[in-house]
Amino acid sequence: AQKITQTQPGMFVQEKEAVTLDCTYDTSDPSYGLFWYKQPSSGEMIFLIYQGSYDQQNATEGRYSLNFQKARKSANLVISASQLGDSAMYFCAMRDGGATNKLIFGTGTLLAVQP
Amino acid sequence: KAGVTQTPRYLIKTRGQQVTLSCSPISGHRSVSWYQQTPGQGLQFLFEYFSETQRNKGNFPGRFSGRQFSNSRSEMNVSTLELGDSALYLCASSSRLAGATGELFFGEGSRLTVL
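As you go down the protein sequences, you meet chains A and B in turn. One point on numbering: in our numbering, the residue at position 10 of the first sequence is 10, and numbering is uninterrupted. Take any residue in the second sequence, count from 1 to its spot, add 115: that is its number in our numbering.
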């Protein structure tokens, strides 16, 4: 069965520093997609970055990058130059390769950026 | 381009009542999926629709139902509400059912409180 594990319930980071949020996954499907979403207190799930299982390079989107290590089944999110507005809940999610947009979510990591 | 719109944003119901939530996907998107988010269970997949057909269903009782209209707007209904149905209900849209893309965007959610 598919599973996403986020082992960091909460993290602190100083403003302007980089932070890594951990995510490991488990699937037997060779084709899958990995997502990171940000959820501020308002509740909206904001898409940050996507990595396909066959993508040769690690995904990057502005200050966000995904450290994809396929053999270790990890997909860590790196946020560079943290900003106060980055304080939120962060979720890692996986979609398998079938004809579906169903996502399996991790339990999330609450990030607090300190001035 | 307008994002995913969910209505109502907040609502309060009493046990035994029913509720209908609406989701308007991004223009041109034909796939809509629904998730329930609670503090205890996290984010759980409810169901998924594509071109008016339910393609996938999560492990929820029959009190939870949904549908999709020809304009891709989707509704979900919960009958005979229970206290445990209090949650944030999130809707996500995509232009396709699956594929090597990170195109899966969420709305702001409908926060349901059952008293």
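Heads up, a few of these hints could be off.
With a straight-line Cα cutoff of 30 Å, these simulated DSS-like cross-link-like pairs (lysine-lysine) come out [as the list claims (entries may be wrong)]: (1) A/73 x A/3; (2) A/16 x A/73; (3) A/70 x A/16; (4) B/172 x A/73; (5) B/128 x B/172; (6) B/172 x A/3; (7) B/172 x A/70; (8) A/70 x A/3.
Here are a few chain A residues that sit away from chain B, every Cβ distance over 12 Å (derived from the structure) [as the list claims (entries may be wrong)]: (9) 14; (10) 26; (11) 39; (12) 69; (13) 95.
Simulated from the structure, these hints should not be mistaken for lab results. Bear in mind the structure is a predicted one, so any value in this text is a computation, not a measurement. Every residue gets a Cβ at the ideal spot worked out from N, C-alpha and C, and that includes glycine.
Cross-check of the supplied hints:
1. A/73 x A/3: holds, 11 Å
2. A/16 x A/73: holds, 29 Å
3. A/70 x A/16: Answer holds: residue 70 of chain A to residue 16 of chain A is near 29 Å, not above 30 Å.
4. B/172 x A/73: Status holds; Cα separation ~26 Å.
5. B/128 x B/172: Given pair residue 128 of chain B, residue 172 of chain B holds - Cα atoms ~25 Å apart, limit 30 Å.
6. B/172 x A/3: holds, 18 Å
7. B/172 x A/70: holds, 29 Å
8. A/70 x A/3: holds, 15 Å
9. 14: holds, 28 Å
10. 26: Check passes; 16 Å lies beyond 12 Å.
11. 39: violated, 9 Å
12. 69: holds, 18 Å
13. 95: Not fine: 7 Å to the nearest Cβ puts residue 95 of chain A too close to chain B.
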